[in-house]
Amino acid sequence: MSENSANGISRFVVELGVAALTGAFGVAVCYGSLDIGAGWTDMGPDAGYFPFYIGLLIVFGSLVNIAQAFLKHRGTGEIFIDGGRAKVVASFLLPLIAFGAISAWLGLYVGTALYIAATMFFQGRYKWWIALPAGLGVSLVFFVVFEIGFQVPLLKGPVEAWFGIY
Amino acid sequence: MENIGLLIDGFGHILSWNHILLMMVGVTLGILVGVLPGLGAPNGVSLLLPLTFSMDPISAIILLSCMYWGALFGGSTTSILFNIPGEPSSVATTFDGYPMAKAGQASRALTLAFVSAGLGALAGVVMITLLSGWVANFALKFSSPEYFAVYFLAFASFISMGAQSPFKTLVSMMLGFALASVGMDTISGNLRLTFDIPELIKGVSFLIAVMGLFGIGELLLTTEEGLRFEGIKARVKLAEIGRTLIEIPRYWLTIVRSTIIGIWMGITPAGPTAASFMSYGVARRSARDKSMFGKGDPRGVVAPETADHSAGTSALLPMLALGVPGSATAAVMMGGLMIWGLTPGPMLFTDRPDFVWGLIASMYLGNVVAVFLVIATVPLYASILRVPFSIIGPIIVAVIFSGAYQVANSISDIFLVISFGLLGYVFKKLDYPLAPLVLAMVLGDKAEDAFRQSMLMSGGSLSIFWSNGLVSGLMTLGLVLLLSPVAFWLVGTLRKRRHDVASHGDGNAAA
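Sequences listed follow chains L and R, in order.
In terms of numbering that gives the first Met the number 0, the first sequence has 19 at position 20, counting the first letter as 1, and numbering is strictly consecutive.
In terms of numbering that gives the first Met the number 0, the second sequence has 320 at position 321, counting the first letter as 1, and numbering is strictly consecutive.
Keep in mind the hints are simulated off the structure, nothing from the lab.
Ideal placement from N, C-alpha and C gives every residue a C-beta, glycine not left out.
Don't take every hint at face value.
[Said to hold, decoys possible] To spell it out: a stretch of chain R is covered by chain L in this simulated footprint if at least three of its residues, at any positions, have a beta carbon under 8 angstroms from a beta carbon of chain L; those stretches are:
no.	segment
1	176-189
2	387-400
[What the hints assert, rightly or not] Taking lysine-lysine pairs in the DSS-like style, the calculated list, with each CA pair at most 25 angstroms apart, reads:
no.	chain 1	residue 1	chain 2	residue 2
3	R	K428	L	K86
4	R	K236	R	K289
5	R	K495	L	K71
6	R	K101	R	K294
7	R	K101	R	K289
8	L	K71	L	K126
9	R	K289	L	K71
10	R	K101	L	K71
11	R	K101	R	K236
12	L	K155	R	K427
13	R	K101	L	K86
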């Protein structure tokens, strides 16, 4: 997507894209339902019977939404998001994805500490000696609340293992 | 009255220090999620739900429902002090609440909001106390076709009453149904719609969807808009609270009217947001002196708040008695009930009267606790909002991720939350409603079971939905609702055409 263009993406294009996406999802649901059988068996309706019609309704709704996009949003000049705002959203979204990826690898406690420290340091422009303890502090609070308070463990990784915490 | 006796038993079940403490914790957490942007009632309840898996159901529901009340109150606080609705349902409160606060009447506006909200909520609970037994008895006559008809009615009313395009509502809702059917089929045991991805076998939890759609999605929107809190210093003065309490009876008509609107919109799945807007509109239209509306008219605070809370409370009646939740948050709580091993619906009243009446009793007590707690803690929460978003935002994200992991101890759910967050962000910007998606995800399996069992009973003929007076009445009402947008559109175009002709005839166009 050309998110860096000066004018940004028009709402019309996004409306079309989303409707096409939901439509494709509907087709996938129909296909998946037919795959497992959307008909009638000795035991009554088959497993795909209900989802098949759901899929059809999604396709139907998406088609109408495409038509309405042409009627309502074409040539109105409405902007979905412009370059500057896209950058702001990306600056929130990308660390989020990195947080997920790091947590999958090192566990949620380490991920949380790093994520909070990094966002405070890079985006909040705090000094590192404020950001790092803050990240560790939040992580520690989580540990006390979840692990000890409610006894629902979070994902732990190799770092906790070094300290002998399981 | 039988219900009163049951209610007293209910109070017997919940009156212990342990439960009162849980109430206070619930309300406090609720106010917090209501105040913080990006966290709302549905999201807060979803985050707390995994922590209640090991609790006994009565304590768990007290915690969750009190969080709901707290969140409703918290949403109004930010509306009035910061002009930022913490909850979608408190948007209407900003119209007059913020101008009042700006004019130096913050305490008055807050007190008006909290007390009228409390009154609205109490009216909702009284309604539940009186009607729930009757509705449940009525619902005992239901079998599968009637149940499907009730679900159909609920979803049809979403399509017809929603503010958004009916087709966007349809797509959003059907996506919810499709997502609900991913994984193991409850009747045949077959796997469906998993497309051979092992992570999908356990299905897609509605909790993950709520956390992504309402949590991450909301945060993305907040970041994009570059949130700035320009709050008004709030110091709640006792004298002013007293003075405001004395003036409340003056608004009795507004309160009564808004309560009725709220209860009706809460029982039907229109929900608190629609109720508060409608109530504000009615109050404004019926006022003799409209000049102060939008500039700080107290009625503009009382009306939406009363309706918001009475709708929020009433939304629990159809959830308990029929198993059809009236709002997104009620849907999440109903999902919780099913996880704790309870089946919402009329049988719950005979199987677990202690649970049902304990919950109803806790609603009386919880709302009273909430009014006092919220008045006492306003300055505290107002100061939380002065913490920069670059700290609050990431902490909320971390809380959501932890909650998402705890739903099923699965790391793939975290990526699912991010995807739902993106979906929620785009849907919100394009005016796709999110509540129907959540509702469909919670009710999906039940609606499908009801439909398939009806089909089994009739051998595949749809005529079973018109086989007796009750079911055909429900289905017809549903169809009428479903087709009403078409009718309105037709009437609208016809009138416009006639209007055009008329104005051409006159020679001067009346706006």
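Here is what the structure says about each hint:
no.	hint	in the structure
1	176-189	holds (count 7)
2	387-400	holds (count 9)
3	R:K428 with L:K86	holds, 17 angstroms
4	R:K236 with R:K289	violated, 29 angstroms
5	R:K495 with L:K71	holds, 18 angstroms
6	R:K101 with R:K294	holds, 10 angstroms
7	R:K101 with R:K289	holds, 19 angstroms
8	L:K71 with L:K126	violated, 49 angstroms
9	R:K289 with L:K71	violated, 34 angstroms
10	R:K101 with L:K71	violated, 38 angstroms
11	R:K101 with R:K236	holds, 16 angstroms
12	L:K155 with R:K427	violated, 34 angstroms
13	R:K101 with L:K86	violated, 34 angstroms
The structure fails to meet hints 4, 8, 9, 10, 12 and 13 from the earlier list, while all remaining hints are met.
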